[in-house]
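Number of protein chains: 4
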Amino acid sequence: MNNAILLLHCPDKPGLISELTNFITVNNGNIIYLDQYVDHTEEQFFMRMEWELDKFLIPREKISEYFNTLYAAKHQMQFTIFFREQKPRMALFVSKMSHCFYDIMARYTAGEWDVEIPLIISNHEDLRPAAERFGIPYHVFPLTKDNKHELEPQEMELLKQNNIDFIVLARYMQIISEDMINAYPQRIINIHHSFLPAFIGAKPYHQAYTRGVKLIGATSHYVTTELDAGPIIEQDVVRISHKDTIQDLINKGKDLEKIVLSHAVQKHLEHKILAFKNKTVIFN
Amino acid sequence: MNNAILLLHCPDKPGLISELTNFITVNNGNIIYLDQYVDHTEEQFFMRMEWELDKFLIPREKISEYFNTLYAAKHQMQFTIFFREQKPRMALFVSKMSHCFYDIMARYTAGEWDVEIPLIISNHEDLRPAAERFGIPYHVFPLTKDNKHELEPQEMELLKQNNIDFIVLARYMQIISEDMINAYPQRIINIHHSFLPAFIGAKPYHQAYTRGVKLIGATSHYVTTELDAGPIIEQDVVRISHKDTIQDLINKGKDLEKIVLSHAVQKHLEHKILAFKNKTVIFN
Amino acid sequence: MNNAILLLHCPDKPGLISELTNFITVNNGNIIYLDQYVDHTEEQFFMRMEWELDKFLIPREKISEYFNTLYAAKHQMQFTIFFREQKPRMALFVSKMSHCFYDIMARYTAGEWDVEIPLIISNHEDLRPAAERFGIPYHVFPLTKDNKHELEPQEMELLKQNNIDFIVLARYMQIISEDMINAYPQRIINIHHSFLPAFIGAKPYHQAYTRGVKLIGATSHYVTTELDAGPIIEQDVVRISHKDTIQDLINKGKDLEKIVLSHAVQKHLEHKILAFKNKTVIFN
Amino acid sequence: MNNAILLLHCPDKPGLISELTNFITVNNGNIIYLDQYVDHTEEQFFMRMEWELDKFLIPREKISEYFNTLYAAKHQMQFTIFFREQKPRMALFVSKMSHCFYDIMARYTAGEWDVEIPLIISNHEDLRPAAERFGIPYHVFPLTKDNKHELEPQEMELLKQNNIDFIVLARYMQIISEDMINAYPQRIINIHHSFLPAFIGAKPYHQAYTRGVKLIGATSHYVTTELDAGPIIEQDVVRISHKDTIQDLINKGKDLEKIVLSHAVQKHLEHKILAFKNKTVIFN
Numbered sequence: 001m002n003n004a005i006l007l008l009h010c011p012d013k014p015g016l017i018s019e020l021t022n023f024i025t026v027n028n029g030n031i032i033y034l035d036q037y038v039d040h041t042e043e044q045f046f047m048r049m050e051w052e053l054d055k056f057l058i059p060r061e062k063i064s065e066y067f068n069t070l071y072a073a074k075h076q077m078q079f080t081i082f083f084r085e086q087k088p089r090m091a092l093f094v095s096k097m098s099h100c101f102y103d104i105m106a107r108y109t110a111g112e113w114d115v116e117i118p119l120i121i122s123n124h125e126d127l128r129p130a131a132e133r134f135g136i137p138y139h140v141f142p143l144t145k146d147n148k149h150e151l152e153p154q155e156m157e158l159l160k161q162n163n164i165d166f167i168v169l170a171r172y173m174q175i176i177s178e179d180m181i182n183a184y185p186q187r188i189i190n191i192h193h194s195f196l197p198a199f200i201g202a203k204p205y206h207q208a209y210t211r212g213v214k215l216i217g218a219t220s221h222y223v224t225t226e227l228d229a230g231p232i233i234e235q236d237v238v239r240i241s242h243k244d245t246i247q248d249l250i251n252k253g254k255d256l257e258k259i260v261l262s263h264a265v266q267k268h269l270e271h272k273i274l275a276f277k278n279k280t281v282i283f284n
Numbered sequence: 001m002n003n004a005i006l007l008l009h010c011p012d013k014p015g016l017i018s019e020l021t022n023f024i025t026v027n028n029g030n031i032i033y034l035d036q037y038v039d040h041t042e043e044q045f046f047m048r049m050e051w052e053l054d055k056f057l058i059p060r061e062k063i064s065e066y067f068n069t070l071y072a073a074k075h076q077m078q079f080t081i082f083f084r085e086q087k088p089r090m091a092l093f094v095s096k097m098s099h100c101f102y103d104i105m106a107r108y109t110a111g112e113w114d115v116e117i118p119l120i121i122s123n124h125e126d127l128r129p130a131a132e133r134f135g136i137p138y139h140v141f142p143l144t145k146d147n148k149h150e151l152e153p154q155e156m157e158l159l160k161q162n163n164i165d166f167i168v169l170a171r172y173m174q175i176i177s178e179d180m181i182n183a184y185p186q187r188i189i190n191i192h193h194s195f196l197p198a199f200i201g202a203k204p205y206h207q208a209y210t211r212g213v214k215l216i217g218a219t220s221h222y223v224t225t226e227l228d229a230g231p232i233i234e235q236d237v238v239r240i241s242h243k244d245t246i247q248d249l250i251n252k253g254k255d256l257e258k259i260v261l262s263h264a265v266q267k268h269l270e271h272k273i274l275a276f277k278n279k280t281v282i283f284n
Numbered sequence: 001m002n003n004a005i006l007l008l009h010c011p012d013k014p015g016l017i018s019e020l021t022n023f024i025t026v027n028n029g030n031i032i033y034l035d036q037y038v039d040h041t042e043e044q045f046f047m048r049m050e051w052e053l054d055k056f057l058i059p060r061e062k063i064s065e066y067f068n069t070l071y072a073a074k075h076q077m078q079f080t081i082f083f084r085e086q087k088p089r090m091a092l093f094v095s096k097m098s099h100c101f102y103d104i105m106a107r108y109t110a111g112e113w114d115v116e117i118p119l120i121i122s123n124h125e126d127l128r129p130a131a132e133r134f135g136i137p138y139h140v141f142p143l144t145k146d147n148k149h150e151l152e153p154q155e156m157e158l159l160k161q162n163n164i165d166f167i168v169l170a171r172y173m174q175i176i177s178e179d180m181i182n183a184y185p186q187r188i189i190n191i192h193h194s195f196l197p198a199f200i201g202a203k204p205y206h207q208a209y210t211r212g213v214k215l216i217g218a219t220s221h222y223v224t225t226e227l228d229a230g231p232i233i234e235q236d237v238v239r240i241s242h243k244d245t246i247q248d249l250i251n252k253g254k255d256l257e258k259i260v261l262s263h264a265v266q267k268h269l270e271h272k273i274l275a276f277k278n279k280t281v282i283f284n
Numbered sequence: 001m002n003n004a005i006l007l008l009h010c011p012d013k014p015g016l017i018s019e020l021t022n023f024i025t026v027n028n029g030n031i032i033y034l035d036q037y038v039d040h041t042e043e044q045f046f047m048r049m050e051w052e053l054d055k056f057l058i059p060r061e062k063i064s065e066y067f068n069t070l071y072a073a074k075h076q077m078q079f080t081i082f083f084r085e086q087k088p089r090m091a092l093f094v095s096k097m098s099h100c101f102y103d104i105m106a107r108y109t110a111g112e113w114d115v116e117i118p119l120i121i122s123n124h125e126d127l128r129p130a131a132e133r134f135g136i137p138y139h140v141f142p143l144t145k146d147n148k149h150e151l152e153p154q155e156m157e158l159l160k161q162n163n164i165d166f167i168v169l170a171r172y173m174q175i176i177s178e179d180m181i182n183a184y185p186q187r188i189i190n191i192h193h194s195f196l197p198a199f200i201g202a203k204p205y206h207q208a209y210t211r212g213v214k215l216i217g218a219t220s221h222y223v224t225t226e227l228d229a230g231p232i233i234e235q236d237v238v239r240i241s242h243k244d245t246i247q248d249l250i251n252k253g254k255d256l257e258k259i260v261l262s263h264a265v266q267k268h269l270e271h272k273i274l275a276f277k278n279k280t281v282i283f284n
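In order, the protein sequences belong to chains H, F, G and P.
Just so you know, the first sequence maps onto residues 1 to 284 in our numbering.
Just so you know, the second sequence maps onto residues 1 to 284 in our numbering.
Just so you know, the third sequence maps onto residues 1 to 284 in our numbering.
Just so you know, the fourth sequence maps onto residues 1 to 284 in our numbering.
Be aware that one or more of the hints could be misleading.
You can't tell identical chains apart in this list, so a pair holds if it fits in one copy or across any two.
Result set (PhoX-like, lysine-lysine): computed pairs, CA atoms no more than 20 Å apart in a straight line [stated by the list, open to error]:
#	residue 1	residue 2
1	K74	K13
2	K62	K74
3	K203	K160
4	K74	K252
5	K13	K243
Derived by calculation from the structure, the hints in this document are not laboratory data.
Whole structure, please, built from the sequences with the hints as guidance.
Okay, here's the thing in structure tokens:
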């Protein structure tokens, strides 16, 4: 798995694919994945390319520099290069509900995901025994409106010490402050228990019940400073009927939330998401 | 098909089902369908019952009176009795788009639905040739904001002359006036091309495109005086991706709209919908 | 939650609902759930009724006898009476894969299900650490074709000692013997990783890949002596594409399998399933 | 819309994309669509590329020859080149049921599809009035087992006179002979009313009802000489319950069949399908 992954976007122009694939091929890289997409409205080119580094002529630590010099600067590219060997480090934020937590733990423990989860952060003690079952350090920050300014910097310090790459809010019921959002741009993944943009904010299942919808949804998105308005990664719905009480909606929604969140995290781990102007390009 | 259908709701109390099924059974009716539902939050009982009239002791034209005297008044029931032999009469309202129109015509022509469609009303000439293919009178009322007060009474007169029971707005792009809505309470069915309550109002596919959702939806509902806020009958969604342009959303949405609208109309024709407090109970 | 649940089916005849609801009402039971269904092809009546026992005149331990004498014998009813206070006892069978196991454990630990899981049985040691995390005794019976006749009676003895009501095969990769199936009729729930009856038997994802289907499925069913042919409880599918490898199908299928199995187990726990002639009636 | 579309597959090797996109770019073609896929199991490369011909240096009638000489022969490519300006010509085969017929006609009449439908062929008179509504010549060949060898050559002659490119079997209930299949390889599209490979052959809804499945499906595929076994283009399912009779399955299935078939036809019209070893690659 000595592979590199290049994610980029830039203004579209003819010949980009040819030029970029050529860069890999002439330097003895073997392309094993290529997907690209042109947004003709925005005139923007998006690409994800993965290649084997074994015989690649450019040393790994120089790839980014070379690519920047030879292509990115010339074409106004925004790009990131990832290496398969570097496991992303994820912080899991939870509150009291356990369904998303267990779904993530099950995948992590079974080795389904290429990720490290060095710590879990919560505002409640409730899931400590569950976290300890999986041997993951559990830190409680009892955040309130009043102490947020004091406690959040401690949280951020802890994240920094653990070299956290991205954060997953697994039904973490607190609003994240602007400082933390800005420190992890497009690297905080939330699950909202509605089909956004319907039912923004608190108690979406109650809102759905009152409106009498026939499907309920869940939405995973990157967190931005505007509540429930960040770039959407994944959504799904499940059918309900007039027979379902609010409690039924909450129960049916749990399965939706955990699957939608886990699929979004997986896409993020595979470096298959590019966010552009509050929308996402999701490569297959 | 000499059957009666009873649709009712009333405050819940013990013994209602027993009492109501007994009414049919002791009078020699054979119940062929019974579904009931108790909303424990609203403490409201809902029921749909269908029975054969062949040996029923109460004459058809007296059933409503007897039922009212013996049960409805006592239990504060809201009820309606329908007879299978009476085909509902439907007015179809269209504008320029034909997909919902053809889906309804195909079912009507194939005899799938127990309905009469004596006329089609439009604000444009566009679908006249299509309507004439199916031999249905096509009336154009070129409604604008300015002439609405003048033309709508003529429309309503035409509906009355044709003994119209209910109206289907098959992507009819005009807002119905309060007078007409009040004349057909819970008898005007609309299709809105979004997953309501997301993207209320104009150009929902453009709104969906801008927000970057991963699913688009369609919603069929009874029209009330508040725009796109009436009781929802049916909803469905289809998956989209970043690759879909607004035109792709419009095209994919058409299949959704026509199926969702036709399913809602079918439920209405089968007398399987009860509206209560801006929500619907849909019997199977 | 001092409720009784009656599940029954019998040849259809007029007046059954009235008679049965009357039985509860006149004896001061408060019906809180009633659903019934008539299969007009089989001329069979199915019903599920739940009522509060607090003021019910017939003592709990006599209900079954009274009901049998007064109604069941007369109408050739097959019936079962359950009490909410008696938690069903479930044995979980696993092999090496953990996704269904964790999904069930998460629900059990979170208290979502009204069930006791006194033991886990496996033919492999692999999931012992996972089981121990949840504090549930884990028994290994290393079954092979050769020793099955020797080991299975020991398994059945263990199940008996633990008063097991029903068995869930959570991707347990062994074929259950006729003796055990007959000891737990319609009380062994399996998950098969295909949309049955497509791809019966071994390696269904490989079969699906070879056939080039565009959706893969999962099916939960009661185990009968014919392989993968028992009454189906729940099925679902997920979209795949030509881009998915066999490993992708296996991964995507896991989410499907765990949700489909858990939903089937939940319906069983709620006593909402009636099996009749190799098909199931599933009450809402 | 003066565009060319290239569909190809060949053994995979490094540098193909670079070489192929370069071919367009250096000859002043503007690529507006590119999608490619590598099947690592089969070591096969698949590509679809569309480009504008306005300034393309190679004359349209020479493109195929040049491409063959310069690339295809060298890389053992199977390829086809289509031109947007050439509308495909489609023959529609129907029997008695009209739902797929109307769905196709509605799209055709509304101009949604870039296609010509010069004739409709049937083994029954039933849909003649419906066909005449849309002004399309309707030819009846009352095929039976006995006269098939006599009538099918006449059908094929008629298809030839009309320069038919591909055939759509819209619930045409006859088995196509090997001669006709071989004359239109991967150019006869069928809709089978089941989730293949479940319920191959006659009366799939009856089979589904008997098996007690919880979802029914529809499958569109290219016709090969083995019954219901050709490469699958599109599939979908809809949820059913024990309450659905066989007639309900037939009715619910109709919506599924028409949408699945129309989506398959649309993909074919857009030249987005490549068939390889009895499976399809479907480009987005």
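So, going through the hints one by one against the coordinates:
no., hint, result
1, K74 x K13, "within (12 Å within a copy, 29 Å between copies)"
2, K62 x K74, "within (18 Å within a copy, 36 Å between copies)"
3, K203 x K160, "neither (32 Å within a copy, 45 Å between copies)"
4, K74 x K252, "neither (51 Å within a copy, 38 Å between copies)"
5, K13 x K243, "between (55 Å within a copy, 18 Å between copies)"
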